[in-house]
Amino acid sequence: MTRLMAVLAVALFLASSAAAQGPRVATPPAGALVGPSIGGPVDSTVPPSVPIEPPTPDLVVDLSLARVSITSAFQGESILLFGMFDPPGEIVVVVAGPAGRETVLRKQRFLGLWLNTGRQAFDDVPAYYAIAASQPLQRLLARGAGGEILSLDDRLSSVRSFGQREHQDLIRFRLGLVEVKRREGLYPAAIGQVTIQAGRLFRVDLPFPSRLPEGVYEVRTYLLRDGKIVAAVSRPLPVAKEGFSAQLAGWAVNEGPLYGLGAILMALVAGWLGGAIMRRL
Amino acid sequence: MEIYLPIAELSMNVFVLLGLGAAAGLLAGMFGVGGGFLATPLLIFVGIPPAVAVASQANQVIANSVSSLQVQWRRGNVDFRMGLILLLGGLFGSTAGVWLFTYLKRIGQVDFVIAVAYVVMLSTIGVLMLVESLRTYVRRRRNPQAPRGKLHTHYLVHRLPLKLRFYKSKLYISALLPIGIGFVIGVLSAILGVGGGFVLVPAMIYILGMPTAVVIGTSNFQILFVAANVTFLQAATNGTVDIVLALLLILGGVVGAPIGSRLAAKLPGVVLRGMMSILILAVATELLTELLRTPSSLYSLGTREVMP
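Just so you know, the protein sequences line up as chains A and B, in that order. Under my numbering, read the first sequence as residues 10 to 290, first letter to last. Under my numbering, read the second sequence as residues 144 to 451, first letter to last.
By construction, these hints were calculated from the structure, which means they are not laboratory data. Keep in mind it's a predicted model, so treat the numbers as computed, not measured. We put the beta carbon where it would ideally sit given N, CA and C, even for glycine. Worth double-checking, as some hints may not be accurate.
Stated by the list, open to error - If you want the ones that stay clear, here's a sample from chain B, every Cβ over 10 Å from chain A, calculated:
#, residue
1, Leu231
2, Thr238
3, Leu277
4, Phe375
5, Arg447
Said to hold, decoys possible - Beta-carbon label-pair distances, calculated as ranges:
#, chain 1, residue 1, chain 2, residue 2, range
6, A, Ala199, B, Val274, 48 to 58 Å
7, B, Ala356, A, Glu251, 49 to 59 Å
8, A, Arg234, B, Ser440, 34 to 44 Å
9, A, Gln173, B, Ala260, 25 to 35 Å
10, A, Glu251, B, Tyr310, 51 to 61 Å
11, B, Val157, A, Pro96, 44 to 54 Å
12, B, Arg249, A, Arg174, 19 to 29 Å
13, A, Arg288, B, Phe158, 22 to 32 Å
14, B, Phe158, A, Ser167, 19 to 29 Å
15, B, Thr446, A, Ala199, 21 to 31 Å
16, B, Ile402, A, Glu251, 35 to 45 Å
Please work from the sequences and hints to get the whole structure.
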């Protein structure tokens, strides 16, 4: 019965916010709300580090889009995350891209010219990392977050480095990695604002840049009480090219030679026709 | 209006790309060069990854060359014999160049090599051309009735074996010379994403001693096939040709090229060469300051590898 009430409350909250936000916020189908992924007490997606103290408070989360589709018109995407929780508490949302190996290159002046001389590879680096919270993070995490990784610094301190390098230098490379990722908009420096309404409903806009690496992202929502995680819900968010872009990228990777011939033919036809037409004018 | 480029993996303004294509086309029509030497650095500047910029630019060069070749062919300005010999060297050179490019990409020095190669090539050619055209200009102004002098002087290179007669170019020289030039252009074409016209045109005029009238048509002929070879190899080995990007550049170029050739028809050769040398030097200076200036960020990322 309480679950039904919760669903109704979220739906109402959404309807009101959709009206206020105009057409940008897509109202999800009602079915999405009653799926099996609703954060119940025995949700399998809850990380094991969450204390299993009965009773675990309710935390229900959903996204306005089930996936990010990179089409020809893709310019970045804004996804609405919303849900409700058993008060009291604060909400922190962490969006992490797929982990991979990144190689950081460092320039150095050599005979007056700047060239890449240093390189350092890191494993298990998230392609994307963004955080949103209902309160400034320092305040929320003052007493430690119960072992869960939350801030970017915490996350990056766990990446594995290759080779042997002095500790101080390694830190400089890691800072360099953050600097580049930040410039590309993949590690946004600003913490998103989670708004809490009526003490139990929350929502946050998650903006994604246009230069978004593909893969399955993970959206984790934490409920914090007194600086401790008391509930967590994780939702996968696939990011993939779709339609014409996906087709072209697929050909380029799988059918390289054929794609090359197609490109040549396209250029020949376009150049010939274009030239012929322009000379008539 | 933004469009997502599927291989470059970012979205970009359509009109910026069309404009870039038009500028490259204008140069192609005016000087018989692909305009790649200007467009590739600009593409990298607006944020396209260098590997994708170079490969897609080669694709656009095909269209540019075919469209200029149409005109030159009709005017009978193509020396096919010379073109084929140049092409022979060009195909070997571009194949070697794509290998070199793949290797440089792996060791993470591709950006640096591209920049240095550009600076060296552009400044050498720019200075040579500027000096030559100024000298010609001054001489003609002083004494307009002066005889043209010998068609070309004989250097050591003219004693090489395998001599061939090139009727259209009025030349009797060793085939090794155009093959060598073609090879160098091919390598440049592959690693710099240029047709190589800005090197080929001066080389044909000053090293081979070809008459200016047939230079543009013949260089277009050779560039067309070398660019096609580079496009194919880049697509097959590196997968970095972005058709959407190339198509936008081509559409811009189609508009720019005829305007360029009409302008070129109205200007004397010396003035054209002088203008081109100044443009080349400007691009070289800009790239050199880029290499010398302390960068805003010391760090950059190599290719990302997805973990299993």
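Which earlier hints turn out false for this structure, listed by number in ascending order? 4, 5, 14
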